[in-house]
Amino acid sequence: MDLDAQVAVVTGAGSGIGLAVAREFATAGAKVVIADIDAERARMAAQQIADTGATAVGLPVDVASREAVTKLFATVEEQLGPVDILVNNAGISIDRGVRGITDEEWKRTQDINLNGVFLCSQTAARSMIPRRSGRIINVSSRAWLGWFGQLSYAASKGGVVSATRSLAIELAKYGITVNCLAPGLIDTPLLRREPQEVMERLLTAQPMGTIGAPADVGWAAHYFASPASRSVTGQVLYVCGGKSLYAQPARG
Amino acid sequence: MPDTATRSVLVLDPAGSATAQAIGSHLGSTGYGVDTAAEVPTDPSGPLDAVVFEPGLLDGAPTRNAADQLLTAVERLRPHLRAQQEGGSRIVVLTSRDGLGWPSRPALAAESGALVSAARSLALQLGRTGTTVNVVAALPPEGSPLRAEGRPENTHLYEPEALTPTPVTRQDIADTVAFFLDARSGYVTGQVLYCCGGASLLSSMSV
Numbered sequence: 603m604d605l606d607a608q609v610a611v612v613t614g615a616g617s618g619i620g621l622a623v624a625r626e627f628a629t630a631g632a633k634v635v636i637a638d639i640d641a642e643r644a645r646m647a648a649q650q651i652a653d654t655g656a657t658a659v660g661l662p663v664d665v666a667s668r669e670a671v672t673k674l675f676a677t678v679e680e681q682l683g684p685v686d687i688l689v690n691n692a693g694i695s696i697d698r699g700v701r702g703i704t705d706e707e708w709k710r711t712q713d714i715n716l717n718g719v720f721l722c723s724q725t726a727a728r729s730m731i732p733r734r735s736g737r738i739i740n741v742s743s744r745a746w747l748g749w750f751g752q753l754s755y756a757a758s759k760g761g762v763v764s765a766t767r768s769l770a771i772e773l774a775k776y777g778i779t780v781n782c783l784a785p786g787l788i789d790t791p792l793l794r795r796e797p798q799e800v801m802e803r804l805l806t807a808q809p810m811g812t813i814g815a816p817a818d819v820g821w822a823a824h825y826f827a828s829p830a831s832r833s834v835t836g837q838v839l840y841v842c843g844g845k846s847l848y849a850q851p852a853r854g
Numbered sequence: 150m151p152d153t154a155t156r157s158v159l160v161l162d163p164a165g166s167a168t169a170q171a172i173g174s175h176l177g178s179t180g181y182g183v184d185t186a187a188e189v190p191t192d193p194s195g196p197l198d199a200v201v202f203e204p205g206l207l208d209g210a211p212t213r214n215a216a217d218q219l220l221t222a223v224e225r226l227r228p229h230l231r232a233q234q235e236g237g238s239r240i241v242v243l244t245s246r247d248g249l250g251w252p253s254r255p256a257l258a259a260e261s262g263a264l265v266s267a268a269r270s271l272a273l274q275l276g277r278t279g280t281t282v283n284v285v286a287a288l289p290p291e292g293s294p295l296r297a298e299g300r301p302e303n304t305h306l307y308e309p310e311a312l313t314p315t316p317v318t319r320q321d322i323a324d325t326v327a328f329f330l331d332a333r334s335g336y337v338t339g340q341v342l343y344c345c346g347g348a349s350l351l352s353s354m355s356v
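First to last, the sequence lines map onto chains A and B.
Each residue of the first sequence is one higher than the last, beginning at 603 in this note's numbering.
Each residue of the second sequence is one higher than the last, beginning at 150 in this note's numbering.
In case anyone wonders, no lab produced these hints; they're calculated from the structure.
Given the structure is predicted, the values throughout are model-derived calculations rather than measurements.
Cβ atoms here follow ideal geometry from the backbone N, Cα and C, with glycine treated the same way.
Some clues are possibly wrong.
As the list claims (entries may be wrong) - Not close to chain B: a few residues of chain A, all C-beta gaps over 12 Å, as computed:
#, residue
1, Gln650
2, Gly786
3, Cys842
To be verified - For the chain A half of the interface with chain B, some residues (derived, Cβ under 8 Å), not all of them:
#, residue
4, Gly777
5, Leu804
6, Leu847
Unchecked claim - With a straight-line Cα cutoff of 25 Å, these simulated SDA-like cross-link-like pairs (lysine to any residue) come out:
#, chain 1, residue 1, chain 2, residue 2
7, A, Lys775, B, Arg213
8, A, Lys775, B, Leu306
9, A, Lys775, A, Ala652
10, A, Lys673, A, Ala652
11, A, Lys775, B, Asp217
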């Protein structure tokens, strides 16, 4: 297994895409840390993975807090060893356009989606640099290209793309790659709450005519975490069924 | 990492390139059934799971109209690509990082850029058939004659190099191709992955 004994921290891994990434890594032999703001959800997700025979630990973290991030990495190092792979997946989406979004909503989105990437990446990089190896995978979104009603979310995810490129340039010489995943429509509990007519409209706009599974993103994360991608860094890979090529807006 | 049991791949290698040979060899060693051909076979054996188009740009082959070659090949092979209900198929196109622009190789850069545009259009065209189309844009790898060309004349530039500690090898390129070919990469289409150790990041066109 190509991630054998690697220590992988996945933030926001209590459910959805983060959980799928953690499962994929565990299947590939990694020791996974389910880091989530909801401690009970992290514990239960880790237990699910541990039940398959893999090593998995659930730990609470608020990625927007320097103190909480420092504590997370210290606990991981103590329990499993230094972090080899970091997946910055934790994020929120507040879908409001320019007329409605409040200062607090804007700030909260940037704090979690972008500042969280900075805090976790800096902490991980400080540990990876002396070991001259590591993988950082940031989860952005196809929405960073811009979309209706997603001003704060898109801006934060654009920041993640930019941070990925700067981190990749700075850390390349240490053998640390930094890449970015930009999921499009993915079948998560949040998406399933959409009404039927909305789902049909979303599907119509999909070039491949399908909606992706969290495991599709998990597999792409696995590639970026594996030795096979050692010469690939600073990239943004859209896992979106082609929607990044052209996102057809609704007419009328 | 590979999930390749009995999957068939056709490597189209019009230039007889060392990179195409390395890709075919790697895919064969990981369980693919590999056929390599300079031209599209008149009657490919069985349904194809994947096609790799490697026109030789990374090895400095004097290729012309590579995008036309790709479009013609896909048109001919389309009836032989595995259908969506059987898992769909994969097309991977090899181009050079030079597509971002390079002073001493403008023709090669143009060929690379055209291939990217063609691949993205094919991805949209074939999306509903379950065929993904993606691009690996690589730094000319270790051993490529392009790496020995030296500095472009009358410029401040030198041959792009990987920012990562090790040079880009043909094996690295083959590994990137293998990711796109994998059965689990079915929701990834129209993408360009630069296998260049970060050298693409220094161009605005790489975003």
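Quick rundown of the hints versus the structure:
Annotated as non-interface, Gln650 (chain A) keeps its C-beta farther than 12 Å from every C-beta of chain B; the closest such distance is 21 Å. The beta carbon of Gly786 (chain A) sits about 8 Å from the closest Cβ of chain B, which is not more than 12 Å, so the claim that it is off the interface is violated. Not every Cβ of chain B is farther than 12 Å from the Cβ of Cys842 (chain A); the closest lies at roughly 7 Å, contradicting the non-interface assignment. For Gly777 (chain A), the interface hint holds, since its Cβ comes within 8 Å of a Cβ in chain B; the closest pair sits about 5 Å apart.
With a least beta-carbon distance of about 14 Å to chain B, the hint placing Leu804 (chain A) at the interface is violated under the 8 Å criterion. Checking Leu847 (chain A) against chain B: minimum C-beta separation of about 4 Å stays under 8 Å; hint holds. In summary, the hint linking Lys775 (chain A) to Arg213 (chain B) is not supported, as the alpha carbons are separated by about 36 Å, beyond the 25 Å threshold. Among the hinted pairs, Lys775 (chain A) with Leu306 (chain B) is consistent with the structure: their alpha-carbon atoms are about 20 Å apart, no more than 25 Å.
For the hint pairing Lys775 (chain A) with Ala652 (chain A), the CA-to-CA distance comes to about 35 Å; that exceeds 25 Å, so the pair is violated. Restraint check for Lys673 (chain A) and Ala652 (chain A): satisfied, since their Cα atoms lie roughly 23 Å apart, inside the 25 Å limit. Proposed proximity of Lys775 (chain A) and Asp217 (chain B) is contradicted: the alpha carbons are some 39 Å apart, above 25 Å.
The structure does not agree with the numbered hints 2, 3, 5, 7, 9, 11 stated previously, though it agrees with the rest.
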